[in-house]
Amino acid sequence: MKKYFITGLVILLPLTLTILIVAFVVNFLTKPFMGLVVKILTQTRVQQIHTHILSSEQVIRYGSQIIILIGLFLFTLVLGIFARWFIFKALIKISDKVLHKIPLVNKVYKTTQEIVKTLFITDKDSFKQV
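Each residue of the sequence shown is one higher than the last, beginning at 459 in the working numbering.
Simulated from the structure, these hints should not be mistaken for laboratory data.
Just so we're clear, the structure is a prediction, and the values are computed from it rather than from any experiment.
All C-beta atoms, glycine included, are put in the ideal place defined by N, C-alpha and C.
Restricting the straight-line Cα-Cα distance to at most 30 angstroms, the calculated cross-link-like pairs of lysine-lysine (BS3-like) are:
hint, residue 1, residue 2
1, Lys575, Lys565
2, Lys547, Lys559
3, Lys575, Lys551
4, Lys559, Lys575
5, Lys565, Lys551
6, Lys575, Lys555
7, Lys568, Lys555
8, Lys568, Lys551
Label pairs and their in silico Cβ distance ranges:
hint, residue 1, residue 2, range
9, Leu527, Val574, 42 to 48 angstroms
10, Ile552, Val574, 15 to 21 angstroms
11, Ile579, Gly538, 28 to 34 angstroms
12, Ile579, Leu557, 16 to 22 angstroms
13, Gly538, His510, 38 to 44 angstroms
14, Leu537, Thr570, 31 to 37 angstroms
15, Leu577, Phe482, 53 to 59 angstroms
16, Thr465, Gln516, 30 to 36 angstroms
17, Leu562, Leu494, 57 to 63 angstroms
18, Leu478, Lys555, 48 to 54 angstroms
19, Ile539, Phe491, 20 to 26 angstroms
20, Ile579, Leu512, 57 to 63 angstroms
Whenever a hint applies, use it, and build me the whole structure from the sequences.
Shown next, in the form of structure tokens:
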């Protein structure tokens with residue numbers, strides 16, 4: 459019987475700890491924004507929605523947390539997109555300046571850069587006969 463109890467604990471303990479950690483992180487991330495989102499949801503009459511399982515207060519609380527988590531995810535995603543875009547552009551500018559200053563490399567780089575611009579330019583007048 460002792461072995462079965464320990465086996466049950468070994469199975470339940472990681473699951474319980476995972477649930478507690480996820481609940482803590484969700485509450486930590488959503489708590490600063492709860493007041494604002496709850497106020498918005500109560501003004502939109504969401505409190506009238508209730509189920510047999512959840513009361514209207516629980517619907518507002520969990521709905522607010524879901525909305526906040528989605529908003530934080532989207533904010534993080536957009537921030538990452540802009541950061542990569544700006545950092546990528548800055549790295550290209552820096553590498554371009556460095557390559558233009560190296561004596562032998564700058565001539566090859568400039569020539570290659572002009573060929574690439576000529577080949578991939580969207581202007582149709584580039585290859586017209588004279």
